[in-house]
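*Asks:* Got two chains here, each in a separate frame; can you build the complex from them with the hints?
Keeping their order, the protein sequence lines are chains P and W.
Take 1 as the starting number for the first sequence in the working numbering and just add one per residue.
Take 1 as the starting number for the second sequence in the working numbering and just add one per residue.
No wet-lab data here; the hints were simulated from the structure.
Honestly, I wouldn't trust all of these hints.
What follows is a set of in silico ranges between Cβ atoms, one per label pair, in the way DEER data are often shown [claimed, not checked]:
1. Asp132(W) <-> Lys80(P): 25 to 31 Å
2. Glu96(P) <-> Glu229(W): 51 to 57 Å
3. Asp235(W) <-> Lys80(P): 28 to 34 Å
4. Asp68(P) <-> Asp235(W): 24 to 30 Å
Small disclaimer: the values here were computed from a predicted structure and weren't measured.
Every residue gets a Cβ at the ideal spot worked out from N, C-alpha and C, and that includes glycine.
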Amino acid sequence: MTNVENSKMTNKTTTGEEKWLLRLYVAGQTPRAITAFANLKKICEEYLDGSYQIEVIDLLVNPALAKDDQILALPTLVRKLPEPVKKIIGDLSNTERVLVGLDIRPII
Amino acid sequence: MAETNPNPQSVADGLLKTPTGIKGLDEITGGGLPQGRPTLVCGGTGCGKTLLAMEFLVRGAMQFDEPGVFMSFEEKSGELSKNFASLGFDLNELVGQNKLAIDYVHIEPSEIEETGEYDLEGLIIRLGYAIDTLGAKRVALDTIEALFSGLSNEATLRSELRRLFRFLKDKGVTAIVTGEQGERTFTRFGLEEYVADCVIFLNHTVSQQIATRRMRIVKYRGSAHGTNEYPFLIDRQGFSVMPISSLGLDHPASTERIPTGIPRLDVMLGGKGYYRGSSILVTGTAGAGKTSIAAHFVDAACRRGERCLYFAFEESQNQIIRNMNSIGFDLGQWVDQGLLQFHNSRATLYGLEMHLVAMHRAIDGFKPGIVVIDPISDLVAAATEDEVKSMLCRMIDYLKMQQITALCTELTSTGARLGWTEVGISSLMDAWLLLQIMETGGERNRGLYLLKSRGMAHSNQVREFILTDDGVQLRDVYIGPGGVLTGSARDAQEARDKAESLDGQQEIERKRREIERKKTAIEAQITVLHTQFEAEKDDLDRLIAKEKQRGETLALDNRAMAKGRQADELTGPQ
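With the rest of the complex left out, here is chain W (with noise of 0.2 Å):
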């Protein structure tokens, strides 16, 4: 086209997008479909352009503010409001603010004779002055290919619709064109030769008996776009694309820690639980007590005042309540107090894309910080293992975007190797706890492990999963040269085991009194000993003693005797 900017840079940079308003298509488109220019919406019957179409104008009306001309040359404007008032929007009441203009365009090729040269001025002008009444920004023609069954002079009507689509670019206006799908061409009359700068290809397929719609932006001249085929949903609430794990892997990552509501698995997982906005995964088989994990997890974030979402496919809301009463937990109060809601639903009552929008649905209203999908095994039947790996892809990733932490259990079958899961999504999961029945002795006896935990030191340890009246209980297996034994072969071993240190005990009283025994017979020896050492001592002194006055005596003795002799050599002191 002569408008194009050569050099698709400056384009992109200074491509000004009009946003749909619809959800998850601004997302793949970019920001919205080119501004001031018409873009194509093609598909089969059935799949969705009118309301596309119709949607693109109710939406800008109502939440940005740019009134709309939906040209309709299919359906009369009585039986669009009476079709849109089943998507819940009231096109009369938009009509009746000035903010949308439906101008049904009857075209019925018995009524009309050609008689030589016209051309689409009629058209035009009507269109023109539907605009100008509004100061309408956004136009639909819905759709424009019934001109081609109205009108037998094809060279003048295709010059006609350049005409019309230049008109359309000069009044500024961002419009749809529908068009019916061709067999080989994108619709049947060769619009897209027309509408150059933006296409959307509508699909709706059926595979295994559920219908899948699929949207692909097959051309958006001077943007990037997503490339991929997109599901989307039409339902009460209108279009929706889903969101796209292909949207990048840069959603936050939060140190917060959340308990587990079991205090031993906190343990287990580095004290502290798991990490807020990580999805966790519980495998087992069946009876293994993945529910009652998943109870805990709810109970403790309902205690903490968190809102929890419960997507159940196989129990409805009661049962789950009733069984996990008989573990100890009153789920019932949380649902009262609105912390806790359920949404049940057999997998197999929609396709997997309306799973998607349901959920997504149900979080966007309930804004949870906790959602538990019990069991994501279910979603199996409704599809493809791909589809739900992708589906369940999407999911994690739109949670963890939204900071919101997922414990998703999954049903795996008996005898399946460790490390596998049915819908091979284990990649995707922070933490994997395995549950596994471990049959000794007549009996089985529940295990749990931790594969995984990402960013942070977990247990390698296995432990004994007992269901209690106050809900689960974690023990130590007992690990000892019989091998790991758990349940009532465990408690016999520890039965044993504490026979034997009681025996240990009793020993090693005995051992303390004996010592006891000894040491007050080794005091005694001791005081006898010292007893006969103080009188030997005493015996001493007395001996010396005597020796003393004994020589004192003699030498009194010898001097007076001198004295009596008269001896004159007797000198010395007195």
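Isolated chain P (complex conformation) (with noise of 0.2 Å):
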């Protein structure tokens, strides 16, 4: 987790500005909407350090929604900030591929 603790280090750099926006698609309160929300905000809470901001949106309640973010799966994780934008889709159990997929964790 060496290379974990580095991006944590880098991240600090800029601490108390929102460089994070991530949005987590669901369909309603299932179990694995669920899952995948705990998952999230345990994985920001424990790299991001507070400079991060999570959107859940709903698509039960917006379906047009789905269509500006290219959602397919559920639940989908989009890191609209910082650019590029990035997709993870499921519940978001893998944190080290949360991790990849989030460009959290430096590639060497």
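*Replies:* See the structure below:
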């Protein structure tokens, strides 16, 4: 987990700004959606150190939004900021892959 | 499937179909695609899957007022609009009218990270939203297999696809789902497993450098359907599946007759000409006058005010008009009046099916009463004999259904035996004129036979066929002890005959004069005899009178004498 530490270090330099804009698409309060949100929350708290914002979008309420972010699978986590946009699908149970997907863990 | 009725008959009765509006497809599916169910359209690259799906939606929106949702997994909506603009579909306009929605689903594996369990609810919500927004009745998914390359969890995908198709059914939309052809399966990822109601397979083969597209209904649950491979075509007006001959032999048969344009030929054909809606084959060797026969027919039809469509595979329009001018036809005037239309193309220009479609299009557009195909034998250059036969069979069936009289010419090679055609379609034809070059006495003359003419008494005679400045003329051939004579041999023979007959007439005249003379002589004799008889009769009368007078005088004298003698025994009246 040394790499993770590194990334944490780099992220720390931008603490205080909401650099991370994350959008979680779900469809209703399904167990999978709840799991995904819990996993996301945990990862963000652990690695993003408060400089993040999570939007949860329920497509059952706002189906029109699915098109804009090219949502297919649910749940989908979209990294709106920083650019480029990244997508992670699934319940985010594999933390390592989430970190790769969010580009939190730098590739050496 | 759970909702499938176990009794197939009642399914067939109750199966509702959604017309595609695509030419020919509704015919072979018996009315369209199964309503409210997904249909799988599969085939190789470039076989026309996307076009079929899109045309289904566009025609639905334009012709049947059924809005549609096109979910594209491959092409962006902008690209689709451009591609379809070239086929004459203005997608943007339909989108603007809320009759069509194009949703491009972008799947880029490198941009997607999978972490744990997921489902495709997002796709279903998206689709559901688009359907509900438009009130769509039709949906196309092109091609949903892209999901397999974008997402790695195949087990999830399969169960989610099943859910997607169930969702489509629940929505009651008629859907087309496209799939790329697999090596041994209809689709690479086995979509046919989910779409069990109707499967259409598109095929694109190249034979003899000419590409032909074909379509087959692999499966249509609960409905009768054509099972053959039907050629289809993609051109400027979209998709068209060829009408097929196997639809049945139930075309109407008219008893109306139309003149051939050659009075003598009409006489040979029972006095009235061809039947309307029949098909006529004119075969002959090069230069036998096939086109001239066609020109006669066309000219006569145009004179009656009928429309004629002339498909020429060998000559250009101007060439035909010029050549026919030389035998006294001004076909140009009919072109100018809009009664005659030429379609000139080389047979090898494109494949047979394309020819068929081009002809269909032309016929549909012009609505002629008469169609001339000159010559059908050229089509062999574009395909094999069997294909030509099948194509012509379909063509002729179509023309018969439309009650269009067709005159086809066919070039036969010199020396080919009688009753044999290059294309082998003589059995399809109702009337068959054979033009033959007869070579005798150092010259070639044309002969015309009527090999067959269904449904009418027709002449069994060979006629000599002469091209004059006023068109074709048919003459009896000379049949005498010297055999069949034509041309100058016939003229010579006729001159001899004429001389002989002149001699005969003179002889008769001479005999007549002689008899006249004899009559006069006999009459004179009769007069003489009569006169003699009268004279003799006069003599006799005179003698009789004289004798009588003499007797009277004698009696008087006797009485006078007796009175003189005082004879007392004299009694009696005084």
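*Asks:* If a hint holds in the structure, say so; if it does not, say that too.
*Replies:* Results of checking the hints against the structure:
1. Asp132(W) <-> Lys80(P): 25 to 31 Å: Holds, at about 27 Å.
2. Glu96(P) <-> Glu229(W): 51 to 57 Å: Distance hint for Glu96(P), Glu229(W) holds at roughly 53 Å.
3. Asp235(W) <-> Lys80(P): 28 to 34 Å: violated (46 Å)
4. Asp68(P) <-> Asp235(W): 24 to 30 Å: At roughly 37 Å between Cβ atoms, Asp235(W) and Asp68(P) fall outside 24 to 30 Å, so the hint is violated.
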